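Mind docking chain B on chain A? Use the hints.
There are 2 protein chains.
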Amino acid sequence: MRMSTLFLRTLREDPAEAEVASHKLLVRAGYIRRAAPGIYSWLPLGLKVLAKIEAVVRDEMDAIGAQEVHFPALLPREPYEATGRWTDYGPNVFRLKDRKEADYLLAPTHEEMFTLLVRDLYSSYKDLPAMLYQVQTKYRDEARPRAGLIRGREFIMKDSYSFDIDEAGLDASYLKHREAYRRIFDRLGLDYVIVAAEAGAMGGSRSEEFLHPCEIGEDTFVRSAGGYAANVEAVATPVPPEQDASGIGPAHVEDTPDTPTIETLVAAANQIAPRQDQPWTAADTLKNVVVALVSPTGERELLVVGLPGDRQVDAKRLEAAVFPAEVDQTTEADFAAHPELVPGYIGPQVLGPNGAPRGENAGGAVRYLLDPRVVPGTAWVTGANEAGKHVFDLVAGRDFTADGVIDVAEVREGDEAPDGSGPLELARGIEIGHIFALGQKYAKALELSVLDSNGKAVTVTMGSYGLGVTRVLAAIAESTSDEKGLAWPVTVAPAHVHVLATGKDEAVFSTAEQIATELTSTGVEVLYDDRVKVSAGVKFADSELLGVPYALVVGRGLAEGVVEVRHRATGEREELAPADAAPRLRELLSEAGLG
Amino acid sequence: MRMSTLFLRTLREDPAEAEVASHKLLVRAGYIRRAAPGIYSWLPLGLKVLAKIEAVVRDEMDAIGAQEVHFPALLPREPYEATGRWTDYGPNVFRLKDRKEADYLLAPTHEEMFTLLVRDLYSSYKDLPAMLYQVQTKYRDEARPRAGLIRGREFIMKDSYSFDIDEAGLDASYLKHREAYRRIFDRLGLDYVIVAAEAGAMGGSRSEEFLHPCEIGEDTFVRSAGGYAANVEAVATPVPPEQDASGIGPAHVEDTPDTPTIETLVAAANQIAPRQDQPWTAADTLKNVVVALVSPTGERELLVVGLPGDRQVDAKRLEAAVFPAEVDQTTEADFAAHPELVPGYIGPQVLGPNGAPRGENAGGAVRYLLDPRVVPGTAWVTGANEAGKHVFDLVAGRDFTADGVIDVAEVREGDEAPDGSGPLELARGIEIGHIFALGQKYAKALELSVLDSNGKAVTVTMGSYGLGVTRVLAAIAESTSDEKGLAWPVTVAPAHVHVLATGKDEAVFSTAEQIATELTSTGVEVLYDDRVKVSAGVKFADSELLGVPYALVVGRGLAEGVVEVRHRATGEREELAPADAAPRLRELLSEAGLG
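Residue numbers (the working numbering), protein chains in the order written: chain A, 15 to 609; chain B, 15 to 609.
Since the hints were derived computationally from the structure, they do not count as laboratory data.
Quantities reported herein were computed from a predicted structural model and do not represent experimental measurements.
One or more hints might be untrue.
Copies of the same chain are indistinguishable here, so a pair counts whether it falls within one copy or spans any two.
What the hints assert, rightly or not - Only pairs whose alpha carbons sit at most 27 Å apart, straight line, appear in this in silico BS3-like list of lysine-lysine:
no., residue 1, residue 2
1, Lys403, Lys547
2, Lys62, Lys140
3, Lys547, Lys140
4, Lys330, Lys114
5, Lys470, Lys547
6, Lys140, Lys518
Just chain A, with the same shape it has in the complex:
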C-alpha cells in the first residue's frame, strides 16, 4: 500500500459526536466513517483490521469443529413469532414489510434460523453433537447507540450454536466455546474477565460474559478475591434471616415536615423520635421508588420498588429484572393517575396487596416489589402517604407485604460476594463475548427433536455463543491507543511495517522503496509513505495516528548510512544501517508472534 494512492485522509480534529478514544481515533485515522447514528462505513485500513480479526475467530471456531454457514439478515416474522421474540424484542428490532405486506425483521441474532436449519437436516442422535457458526451483519435498533463501534445499530457478530442430545453434551460444547473464546482473545492480545451473566432476551439456564475491563465499558462487573465474578445484573443479593419483631411496638405516624429526601428524613427522625441504642441511619429507612414500565406491546404500567434508603436503584439491574418490559421516565400524568403516590412520602400502606384492591379505583393499586433485604420482621421508617408525615416501626410481614421480590439495588464496592468468597470490588468492562447454555427453549418452540438410540424422539439441547467482531476491534483500539493515536498489535494491524521516506532526497525515496519491496517480497505487509510534498512532521504524525506497529524512517540520516526503526507501542527507537533494516524488522515481527 502506498500512501500516495491509498484512499485515506487523516483528520487533525476529533469528530464532534465522538466521546471515547477508539471512536475518535478510528475516525481521525480514516478507518471508519459514520453513515447514520450507530451505523458505520469501513474504509480500506479498517477493513483490513476487521478481516484479520475475523480470520482469527474463524480459525478458532474451525478448530473446535464448528462449521461455517451464513444466514440472511432479512428474515420473515414467523420463526421469531414462534419463540415469542418478535414481541419480546420490542422496539430494539428493526421491522419492515415487503411489497406484499408480509412482516420481516433485520435479525438481531439467529437462534430461530439455526434451530430450523438443524431440524431441516438432522433427525438422529447420530447426527449430534453439531456446532455451526456464522460471521454476519446484525441489526439492533438501540435506543442509545454510542461510543462508535461499541454500541452500534449495524454491526458484525460471530454467532455460533451447539446442538446436543443432552445436558452433558451441552456442557461439553459450552466448554469448547469457552476455551475457544479464551484463545481468540489471547491471540488478539485483548485482556478479558469471564463473569456470570443474566440470560436476558436469550433465555436459558446459564450464561457467562467475556468482558474487556475498560473504564469506558457499559457493563459493570464485580469480583471477589475468592474468585467470584459476575456482571452486576447477575449479582444475587444474599437474603438475610427473618427477624423476630415481637419486641417492636405498633407502627406510629409522626410529623416530619419538609423531609422529601432520605437525608432530611434521617435528620428529622433523630430529632423527633431518637432511638436509644444508636441514631437512625439511611439503612433504617424504606425508600419507595416509582418506576414506569412499557411492555413490548406498548402497555404502560407503574411499579414501586421498596429498598433500604441507603441504596439506589441500579438502572441496568432494573432493566435486566423487568425484561422484556422497558423502563421509561415517570411523568406528571403517571402521578396524576395515582393520587395515592405522594412524592417524597410514599409508603407501602397504599401499594400492592396493602393498597386498594386492584381495579377498584381508576388505576388500581400500584404493583409493589421489595428488595431481598426487606425480610419479614424488619422494622422501617417510611412514608405515611401524606406530605410531611412518615411512619415509624412499620414491620415487614406484620404491617405490610409486597407482590414479590426485586433485586435491583445497586451493588457496592465492599458488599459481600454471594458465594461468601469475600468483599466485592467493582469495575467496568466492554462485553466482547457472551455464551449461553440455552437448553431446550428454542428446540421446544420450534419442535427440534431427534430420535435417540431407542427410536424415541428427544428434544435437542442447545447453546448459543456470540462474539462482537466490530466491538472487539473497538476494544483493541481502546486498550492499545494513546494520546498520539492507534497502536495495533501485530496480529491485527492493517500493515506490519510503515515505511516513511522523509525529505526530498532522491536517495531517500529509492532506498525506502527498495526496503519496502524487500519486505513485501518476504511476506511482510508494508504501508509505504511515498508522498513527495508532505513534510516529515506530517508523516510522523500520520504514522503515529495510524498505529502500524513498526515504522521504518528513511530520512536525513541516510547520508550517514543510518535509518531508524520506531516501535509504535513503546516509543522505542533503534538506528541501524539500511541493509540491516529488513532483517531486523522481520526479527521483531517474528518475536511479536508473526509467521
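Chain B in isolation, oriented as in the chain A frame:
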C-alpha cells in the same frame, strides 16, 4: 472435510418451488436453503464456493487499483432523496423506520454513499482518478423473485465506482473495469457476451451488460454477424423515411363486424376493401395497446401504444421505456373510466392530441405514443372507436398525431441491426455484470467537485460497475451441471478431490484415509466420504450430485491393487495403483489451472 461430520444432507427430490437446474441442484446438494421468497441461507459447501468466487473478484479488482471498502446495508433516506432514487425505486426497495420514525432503506446499490464518501475525503484533481469497491449484501424487493439465486431479494454484489476529473478519465476507468470483468469471467470459466444496455434506474450516458448466454436467462439479447450486440431493451428501431401521402384518398370508416383481433381484421379488410396491388397484411394495421402505468409515488395512468399490427409490445422493452413507472394490468375500472376506449376497435382519433382536450371530461384524453415505424405519411387500417368499425387510409401526420414516440415493439429474429451490420439473431442470457458510465448525475446531485489545476471547482465524473456474485455462482452451476448433479470447475469447486471409500473393508478405509491425508498435506482440498454404513451406490450418487471435479474411488478393486479416478465433467475414468493416485490427481489439478 469428512462426510461423516459435514453439515450436509443431500436430497433425492427436487424442491417444489424450484424451476431451473441450478436452483434444484444447489438445494438438493445442500449448498443453499430457502429462508423466504428470494432469500437464501448458505450451507458449508455453498459458502466455500462463494468465497472462491469472491476471491477471484477481489483479486482482479485489486489488480486494476480499485480499493476495497464496505458500506452499511441499512442507510438513511436523505442521500437517496437527494438523487431522486428514494422515489424512483418505487416498491423495489425495502423501506423501514427506526424507533425515532426516521426513514431508512436497505440499499439496492450504493452510488450515493460512495459519492458522499469521496466528497468527504477528496478535494483536489490530484486525488483522482480513484476506484473503490465493495463485496456486499444488497436488497431489492423484487416483484417476482425467481430461479433461486438468479433473481433474489437478498444477494451479494461486488459494486465498484470510479471517480475521474473528465470524460477521458472515465473512459479509461470504464475500460479497466470492462477488462477486469472479462478476466474474472474467463477465470471462472463462465461464457459471456458484452451487449449494449439501457441505463435504467442508474442513469448515465452509456452502459454495457455482461450476459451469460443461457436458455433460462431473463434477458433477451440480439447480435448480428457484423458484431452488433445489445440487450433487447437497448435496441433502437431504425426510423424509416417519411412517406409522401399526397396520393392517398381521405380516410373512410368501414363496417368490420366481429373483428376484434388483427387476424380477423386482416381477413375482413381483404373482403370488404381489397387493395389492388397486394392483399392487406397485419403490417398494414395500426394496433393500439392499452397499458396501465403506476408511478413510483403510486399514481395510476393509462397509456396507449400504437404499433404495426404484426408486432407485439415487448414487456421488458416497455418496462425499460416507462421507468421509473411500473407496468400494471389494466382493469375493468380503467376501461369504465375511459368509455372512448372500445376494446378491439381503439383508434388514434380519440387519443392524445387527437382526443378530447386533457381534463375536459373525467379522465381527459389518454396519452398516446407511437412506434418509430409509424412515420408521417404512412397510411393505416385501424380502429374507428366503435364496435364493428375500422377506419382505412388513416394517414399519420395528416389524420392523427401522437404525444411522442415509444420504441417497445418486439425485436424479431432477422430484423436489421440498427447499425446496419446485418440481420439480428436473438438469444437469452443471465445478466452477470453491468457497467455504467454514469457521468455527473450523482456528483451533481450530491455536490461532489474537486479543484482543478487552476483552482477551479470541477464536478467529478463517475462510473459504476456491478457484478452479481451470488448470481454468478448460480450461472456457473447452471452452465456446468448435468442430469446427475453439479459439476464445478476446479477454480470454484468446494473441494478439489472427493475421496470415496466404498465397501466395508478396513484396508479400503485406511488406504482412502492415507491418500486423503497425502493430498491434503500438499494443499489439495479433499472431501472424504468416510461414512461407514452408506452404500457405494449412495456415495457415487452423492458425489455426482455434489460435483467435486475429481473423485477418487477406493473400493473393491483395491484387493487387486487398483483405485479409480473419475472426472466429474466428462465422466472419464482411469484405473491406477493406489500409490499413483495422489500424483495423478495433482497432475490433473495442475492441468486444470490450479496452483
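These are the hints, each one checked on the structure:
1. Lys403 with Lys547: Neither. Shortest intra-copy (78 Å) and inter-copy (82 Å) distances fail the 27 Å Cα cut-off.
2. Lys62 with Lys140: Intra 40 Å, inter 25 Å, cutoff 27 Å: inter-copy only.
3. Lys547 with Lys140: Result: close only across copies, 12 Å inter versus 67 Å intra.
4. Lys330 with Lys114: between (39 Å within a copy, 22 Å between copies)
5. Lys470 with Lys547: This pair counts as between: shortest inter-copy Cα distance 21 Å, intra-copy 76 Å.
6. Lys140 with Lys518: Answer is between: at 19 Å across copies they meet the 27 Å cutoff, but 70 Å inside does not.
Violated hints amount to a single one, hint 1; each of the other numbered hints is respected by the structure.
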